[in-house]
Structures are given as structure tokens and as C-alpha cells.
Amino acid sequence: MVPHTRLSPIPTQIVDAFRAVAPAIEAFAREHDLLIDRYRRGKPSWELRFARRVGGQAVLTISYRERTGHVLDVSTTWWVDDRAMKTRRLRSEKIGVYDRRAPSADLVQLLDAGLAMVDHWNLSDLGPPRGPFPGTSAAAGVERAARSAAPGVERAARSAAPGVERAARLSLR
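Take 816 as the starting number for the sequence shown in the numbering used here and just add one per residue.
Since the hints were derived computationally from the structure, they do not count as laboratory data.
It should be emphasised that the depicted structure is a prediction, and the values quoted were computed from it without experimental measurement.
One or more of the hints may lead you astray.
Listed next, the in silico SDA-like pairs over lysine to any residue satisfying Cα-Cα at most 25 Å (straight line) [claimed, not checked]: (1) Lys-901 / Glu-862; (2) Lys-858 / Ala-839; (3) Lys-858 / Ser-890; (4) Lys-858 / Thr-883; (5) Lys-901 / Glu-881; (6) Lys-858 / Met-932; (7) Lys-858 / Pro-949; (8) Lys-858 / Pro-824; (9) Lys-858 / Lys-909; (10) Lys-909 / Thr-892; (11) Lys-909 / His-847; (12) Lys-909 / Gly-857; (13) Lys-858 / Glu-881; (14) Lys-858 / Ala-899; (15) Lys-901 / Gly-942; (16) Lys-909 / Met-932; (17) Lys-858 / Arg-880; (18) Lys-909 / Leu-941; (19) Lys-909 / Pro-943; (20) Lys-901 / Leu-938; (21) Lys-909 / Gly-946; (22) Lys-858 / Arg-945; (23) Lys-909 / Arg-845; (24) Lys-901 / Ala-866; (25) Lys-858 / Leu-938; (26) Lys-858 / Met-900; (27) Lys-901 / Thr-883; (28) Lys-901 / Arg-868; (29) Lys-909 / Pro-949; (30) Lys-858 / Asp-831; (31) Lys-909 / Ala-842; (32) Lys-901 / Ala-842; (33) Lys-909 / Trp-936.
Quick list of simulated restraints, FRET-style, between CB atoms [claimed, not checked]: (34) Ser-907 / Gln-828: 23 to 29 Å; (35) Asn-937 / Arg-898: 17 to 23 Å; (36) Asp-921 / Pro-944: 32 to 38 Å.
By construction, the Cβ of each residue, glycine as well, lies at the ideal position given by its N, Cα and C atoms.
Could you put together the complete structure from these sequences and hints?
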């Protein structure tokens, strides 16, 4: 069994950056039935996760750019795991940069663009298989995230938007 490691607390400036855009991100996630995974594994980012009808999992990632602090990077990734071969094929693209001084509607436009991009990808757009990976499963990771988050993630999620609960299911897009 792997020992439980404690995540470092998320720095205040990062929590504050996401607190400012949390209502827009949370409304977008609700509208599109996406799972919000805040500060996954202690990273300075929020991920909007969903399953795809053509297979695999996808995520829109909003990342705090620590070098500047006033911008958030938006990217998207789609991956398909081959459990038998223990490999993964994926595609990832940067969508754009959101300046936190701009209206939150600009961030929503980037998120819309990311969803549209992923929706147009098909299996032939994925890269070559990578691996083998020891028994990893993206679906299992998403299910675990939906059931329970690391203590630091729960704290950060509560502080980012009091009263807003995490999405508990995945949509099929």
C-alpha cells in the first residue's frame, strides 16, 4: 500500500486568483455537466473533466501562471487508455491565455472554444500509444476524484467558492 502523502497548502495568491473566477467556471461546469477538480495533486489549476462518447476522458485545464500571476492558461487534453496493453494515447492543445483583469466572459469564451475543439477530435487525432503504465486507468482516477478529494483539495475548494458543491458526475460528450 502506498503511504498517504500530505499536500502542501495552496498559496493564498493562487486561491484568490481562482476565487475571482470561480463563479464563471462553476456556472460553465454546471451548464455542461462537467466535474470540477480543484488543485488536483496540489497543482495550481482547476480541471473540468468529462467522458467522451467516442471513448476516453477529457479535461479542460485552467492553470495559474506563477511567473506572472495575472494570467490563467487554458488548455485541453483528451486521452484514451488501452487497459489490455496498459498504454495511453492522447492529444493536448493550448486554447489561450486569460488575463484576470479582463471580464470573466472572456474566460468562458476560452472554455467554450476548448470544448468545441475536443468535440471535433476523433480517434485518428490521438498521438501514438505511450506506456506501458502499471495498471493505470483514467476512468478510475476520475471516479476516485468524484468520490473523495485529498484534504487540501477539499479545503481549497471550500475556500474558493463557499456553498458551491463539486459536480459529482461526468457527462458524455
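**OP:** Below or equal to 25 Å on CA atoms is what counts here, so check Lys-858 against Leu-938.
**Re:** violated (28 Å)
Subject >> Satisfaction of hint between Ser-890 and Lys-858, Cα-Cα up to 25 Å >> reply: Holds, at about 14 Å.
Subject >> Given hint His-847 paired with Lys-909 - CA-CA distance at most 25 Å >> reply: Holds: Lys-909 and His-847 sit about 20 Å apart, inside 25 Å.
Subject >> Restraint check for Lys-858 with Pro-824, where alpha carbons must lie at most 25 Å apart >> reply: holds (10 Å)
Original post:
Does Pro-943 lie within 25 Å of Lys-909 when you go C-alpha to C-alpha?
Top reply: Holds, at roughly 19 Å.
Original post:
Quick one, are Lys-858 and Pro-949 close enough, alpha carbons at most 25 Å?
Top reply: holds (23 Å)
**OP:** Measure nothing beyond the straight line between the CA atoms of Lys-858 and Met-932; if it is 25 Å or shorter, mark the hint as holding.
**Re:** It holds: about 24 Å lies between the C-alpha atoms, which stays within 25 Å.
Subject >> Straight-line alpha-carbon gap Lys-909 to Thr-892, limit 25 Å >> reply: holds (9 Å)
Subject >> Pairwise hint evaluation, Glu-862 against Lys-901, where the allowed Cα distance is 25 Å at most >> reply: Holds: Lys-901 and Glu-862 sit about 24 Å apart, inside 25 Å.
**OP:** For the pair we were handed, Lys-909 and Trp-936, check the Cα-Cα distance against 25 Å.
**Re:** Cα-Cα ~14 Å, so holds.
Original post:
Holds or violated: Lys-901 with Gly-942, Cα cutoff 25 Å?
Top reply: It holds: about 15 Å lies between the C-alpha atoms, which stays within 25 Å.
Original post:
If you draw a straight line from the CA of Lys-858 to the CA of Arg-880, is it 25 Å or shorter?
Top reply: holds (11 Å)
The structure fails hints 5, 14, 25, 26, 27, 29, 32 (numbered hints given earlier, in ascending order).
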